[in-house]
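Residue numbers (my numbering), protein chains in the order written: chain A, 5 to 346; chain X, 5 to 346; chain R, 5 to 346.
Everything labelled a hint here was simulated from the structure, so no lab data went into it.
None of the values given here were measured: they were computed from a predicted structure.
Glycine included, C-beta positions come from ideal geometry on N, C-alpha and C.
Hints are supplied without guarantee of correctness; some may be wrong.
Claimed, not checked - Label-pair restraints from in silico Cβ distances:
#1 R:300 with A:334: 32 to 40 Å
#2 X:25 with R:330: 52 to 60 Å
#3 R:66 with A:316: 42 to 50 Å
#4 A:70 with R:103: 54 to 62 Å
#5 A:49 with R:313: 57 to 65 Å
#6 X:327 with A:50: 25 to 33 Å
#7 X:24 with R:330: 51 to 59 Å
#8 X:191 with A:49: 43 to 51 Å
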Amino acid sequence: MQSKTLQQLADHVGGKIIGDPDIAINSVAGLDNAKAGDISFLTNAKYEPKLKGTQASAVIVAEEAKTDAALLVAEDPYYALQQIVVLMYGHRKNKPVGISDKAAVAETAIVGENCNICDFVTISDNVQIGVNCYFYPGVFIGPDTKIGNDCIFYPNAVVFNDVVIGDRVIVQSNASVGQDGYGFATHKGFHHKIPQIGKVILEDDVEIGSSCAIERGTLEDTTIGKGSKIGDLVAIGHGARIGPYCLLVPQVGISGSTTMGHHCVLGGQVGVTGHLQIGNMARVAAQSGVMTNIADGQSVLGSPAVDASKGRRAYTLIEHLPEFKKRIKALERKLDKLESQK
Amino acid sequence: MQSKTLQQLADHVGGKIIGDPDIAINSVAGLDNAKAGDISFLTNAKYEPKLKGTQASAVIVAEEAKTDAALLVAEDPYYALQQIVVLMYGHRKNKPVGISDKAAVAETAIVGENCNICDFVTISDNVQIGVNCYFYPGVFIGPDTKIGNDCIFYPNAVVFNDVVIGDRVIVQSNASVGQDGYGFATHKGFHHKIPQIGKVILEDDVEIGSSCAIERGTLEDTTIGKGSKIGDLVAIGHGARIGPYCLLVPQVGISGSTTMGHHCVLGGQVGVTGHLQIGNMARVAAQSGVMTNIADGQSVLGSPAVDASKGRRAYTLIEHLPEFKKRIKALERKLDKLESQK
Amino acid sequence: MQSKTLQQLADHVGGKIIGDPDIAINSVAGLDNAKAGDISFLTNAKYEPKLKGTQASAVIVAEEAKTDAALLVAEDPYYALQQIVVLMYGHRKNKPVGISDKAAVAETAIVGENCNICDFVTISDNVQIGVNCYFYPGVFIGPDTKIGNDCIFYPNAVVFNDVVIGDRVIVQSNASVGQDGYGFATHKGFHHKIPQIGKVILEDDVEIGSSCAIERGTLEDTTIGKGSKIGDLVAIGHGARIGPYCLLVPQVGISGSTTMGHHCVLGGQVGVTGHLQIGNMARVAAQSGVMTNIADGQSVLGSPAVDASKGRRAYTLIEHLPEFKKRIKALERKLDKLESQK
Numbered sequence: 005m006q007s008k009t010l011q012q013l014a015d016h017v018g019g020k021i022i023g024d025p026d027i028a029i030n031s032v033a034g035l036d037n038a039k040a041g042d043i044s045f046l047t048n049a050k051y052e053p054k055l056k057g058t059q060a061s062a063v064i065v066a067e068e069a070k071t072d073a074a075l076l077v078a079e080d081p082y083y084a085l086q087q088i089v090v091l092m093y094g095h096r097k098n099k100p101v102g103i104s105d106k107a108a109v110a111e112t113a114i115v116g117e118n119c120n121i122c123d124f125v126t127i128s129d130n131v132q133i134g135v136n137c138y139f140y141p142g143v144f145i146g147p148d149t150k151i152g153n154d155c156i157f158y159p160n161a162v163v164f165n166d167v168v169i170g171d172r173v174i175v176q177s178n179a180s181v182g183q184d185g186y187g188f189a190t191h192k193g194f195h196h197k198i199p200q201i202g203k204v205i206l207e208d209d210v211e212i213g214s215s216c217a218i219e220r221g222t223l224e225d226t227t228i229g230k231g232s233k234i235g236d237l238v239a240i241g242h243g244a245r246i247g248p249y250c251l252l253v254p255q256v257g258i259s260g261s262t263t264m265g266h267h268c269v270l271g272g273q274v275g276v277t278g279h280l281q282i283g284n285m286a287r288v289a290a291q292s293g294v295m296t297n298i299a300d301g302q303s304v305l306g307s308p309a310v311d312a313s314k315g316r317r318a319y320t321l322i323e324h325l326p327e328f329k330k331r332i333k334a335l336e337r338k339l340d341k342l343e344s345q346k
Numbered sequence: 005m006q007s008k009t010l011q012q013l014a015d016h017v018g019g020k021i022i023g024d025p026d027i028a029i030n031s032v033a034g035l036d037n038a039k040a041g042d043i044s045f046l047t048n049a050k051y052e053p054k055l056k057g058t059q060a061s062a063v064i065v066a067e068e069a070k071t072d073a074a075l076l077v078a079e080d081p082y083y084a085l086q087q088i089v090v091l092m093y094g095h096r097k098n099k100p101v102g103i104s105d106k107a108a109v110a111e112t113a114i115v116g117e118n119c120n121i122c123d124f125v126t127i128s129d130n131v132q133i134g135v136n137c138y139f140y141p142g143v144f145i146g147p148d149t150k151i152g153n154d155c156i157f158y159p160n161a162v163v164f165n166d167v168v169i170g171d172r173v174i175v176q177s178n179a180s181v182g183q184d185g186y187g188f189a190t191h192k193g194f195h196h197k198i199p200q201i202g203k204v205i206l207e208d209d210v211e212i213g214s215s216c217a218i219e220r221g222t223l224e225d226t227t228i229g230k231g232s233k234i235g236d237l238v239a240i241g242h243g244a245r246i247g248p249y250c251l252l253v254p255q256v257g258i259s260g261s262t263t264m265g266h267h268c269v270l271g272g273q274v275g276v277t278g279h280l281q282i283g284n285m286a287r288v289a290a291q292s293g294v295m296t297n298i299a300d301g302q303s304v305l306g307s308p309a310v311d312a313s314k315g316r317r318a319y320t321l322i323e324h325l326p327e328f329k330k331r332i333k334a335l336e337r338k339l340d341k342l343e344s345q346k
Numbered sequence: 005m006q007s008k009t010l011q012q013l014a015d016h017v018g019g020k021i022i023g024d025p026d027i028a029i030n031s032v033a034g035l036d037n038a039k040a041g042d043i044s045f046l047t048n049a050k051y052e053p054k055l056k057g058t059q060a061s062a063v064i065v066a067e068e069a070k071t072d073a074a075l076l077v078a079e080d081p082y083y084a085l086q087q088i089v090v091l092m093y094g095h096r097k098n099k100p101v102g103i104s105d106k107a108a109v110a111e112t113a114i115v116g117e118n119c120n121i122c123d124f125v126t127i128s129d130n131v132q133i134g135v136n137c138y139f140y141p142g143v144f145i146g147p148d149t150k151i152g153n154d155c156i157f158y159p160n161a162v163v164f165n166d167v168v169i170g171d172r173v174i175v176q177s178n179a180s181v182g183q184d185g186y187g188f189a190t191h192k193g194f195h196h197k198i199p200q201i202g203k204v205i206l207e208d209d210v211e212i213g214s215s216c217a218i219e220r221g222t223l224e225d226t227t228i229g230k231g232s233k234i235g236d237l238v239a240i241g242h243g244a245r246i247g248p249y250c251l252l253v254p255q256v257g258i259s260g261s262t263t264m265g266h267h268c269v270l271g272g273q274v275g276v277t278g279h280l281q282i283g284n285m286a287r288v289a290a291q292s293g294v295m296t297n298i299a300d301g302q303s304v305l306g307s308p309a310v311d312a313s314k315g316r317r318a319y320t321l322i323e324h325l326p327e328f329k330k331r332i333k334a335l336e337r338k339l340d341k342l343e344s345q346k
């Protein structure tokens, strides 16, 4: 972590300072916890009241606001925060270890320059690895898998055979990529395992969260598109195709053969059934159960998921069902009475 | 992968050919992606329109249909597909490695003939292993566990002590079998851990998905019945008994002491509370929350789960609650008006 | 397992015997499965009918009851059961191995007395470990992490850098603690990774289940409070603070920056969105989706979660929506008829 002046930070993110540009900034913190020497940020208008009380020396904001702190006005404050955190802290430093004697690297594997392979890592036959990749302890890479440049595999991540991985891909701890899809042919009461001959393709800049399970395809490949970020404990079914730049938050489940467009955002614990088409920029609220196609740009919520425009109100009315029941009953009584009085 | 004539495939699955029996089939693909030389399949009437446009040289079908492709008519097309994929591609080949010097096999362990134990595998004291088993790197087998013949343990799978595993069992990567059940006695605000003295039993032909968590029992054993297939990221609570030939799709959670019959099918993200009895051949739709017993052959859906016959319609009506509210209000107004006019 | 007389057990738990105090008790079992020589327990009035038929020689109960078995009356029967199971079976014995030659322990790591570090374990630079800790094979401990006394790390558990772990903490197999939080700044359609500079703190007596994913904080730390027990496959988001003595059952998901009080109980598959405040002793029913703050002592259920007092009835009425619809329609018809007759 390196101390910077507010001016240096503003220059770095292309922002404007309101206040003293020479303030020394030592660290980054949220509005509640910040103290003198910290820079904080305001990215959600809801938290604006916290601006007044903050002890931060400076705050990244989208527009001028009342506070004792100096302001760093940036067009996209959250992106400015990201740039500043990278500048001051950097990404995780992975200790250079070269290729450990305690790793098991197949003779037929091709490992590019400047790769680090830690203890207890297995690199199987015919694996091809680009440059600058890091393999933490306990990682397994199956035969014939191809890996690009600048990838990181965290401890105990497992990548099966014939997987294709682009550049700058991150696979978090304990994740599985390319295990057999859940594919069985049930015949006379027995479930016969179908060899899963499709691959998994992780395109450039993909991140796979801890303990994710990304199944290989039955016949067609499972694909995670460029720049998509998959949270922890997500299950992706065989042959699913996740488009580029999607955000799948932890515990999402996508069933087999579903296709998703670009820039979709799926909230936590969302489930999507198989063979669906999810349009570009679709948004699915947390815990929704998606059972039908979603159009481009559509927002849905609920289980079963419905368009958010009507769904938000509909699902909150469940709470009022006992009252609805009472009112229906009262109406029936009154009406019976009226009819009998005729 | 081996090229076959359509006749060879038909003979293999006991099917009938409509078209040229001498066509060479090189690979298997879905109707959309198939090209000349491929065999494809139609197992869901919904996709019949795709038959016309397919580029496949042959298609496995249940009955005659209009298409330019040759047809392989089979009684159970999906099972025929499975047989053909096995014939042409085979199951995953696991490289013969014998018992690696880099593995840690206890002296008291008994390992049957033709087992392969890869690097970084731990086989603990008094483990008994049958013949033809394969242990991928990073696998841990705890003390006193018994394993049958022809089992496969994928990388970083963990099996605790005193687990009993049958023949032809597959445990996928990063799965845990036999960790402590979630059992605590809360006394005066403190949660006291109850030693979990039950075992886990995985009967013959069970498959456990990646990152599953199969708890050992508190007092009674946790059992997964013969031929049942457990998807990725499934949690099975302590003392649960899953019957034979069940299908539990990814992210299902079964709470402790619940008993399930045979041939049940549970969709993705289903949750079942504890101490319930789920009948034979029960079906539970994805994301359902089961809080009551399910009868033999019953289908349920929703959270809370209700019989599918009424549930399907009921849950889709949630969307219409705002309209219901309006209609109730309109009725009340009209009725008030009528009453005031009396 | 050691045989005891009923008197010895009663003395151990401070209970009262009704029946023969000299009965030999050899093992512990549930009411259904117990046989002669077993002690069983009754902790839920619902199962009282099972008391009569049990073959157990003795039963732990809260108050006198009719049965052929001897009774051990204890104030808190489930806690008495816990004490008896510990007395008779003990907690899991972890084989003393010292520090294995096949482990990789950094020279800069400080390892306290009487620690066991199994094969294929990685202890990274500057790790500090107290006394009596046990590291099963395949465990990874990242640099600068601090661990207290009497902790157990089960096979293939992964703890990242700068994590702070108290005394008597248990991390189950394949769990991840301290991986990067799901934090990205989306700018012009690209998702830029924010270095996650917060730590994870696991306080004393915490247990983390198998395949859990406990994210490190973006700026503030993620904390699991003293004595809290986290079930399998739970996801905890960056910066979440779980209070002391909470119970989070398997497959729960807590989003980032949510704060939880003490003694909360969350059922299976519960999801909680981010930046919420969950009060002390809050209770959340299984599969609920929490989108608003919860008050101290409040019980909620459903998705969206509502107060349990009204929610229980409300959610069970979903099943009756088709009937409600019919009744509304009938009312409308009748009313139209009445109006037309005026």
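(Q) To test your reading of the hints: which numbers does this structure violate? (A) Violated hint (a single one): 5; every other hint is consistent with the structure.
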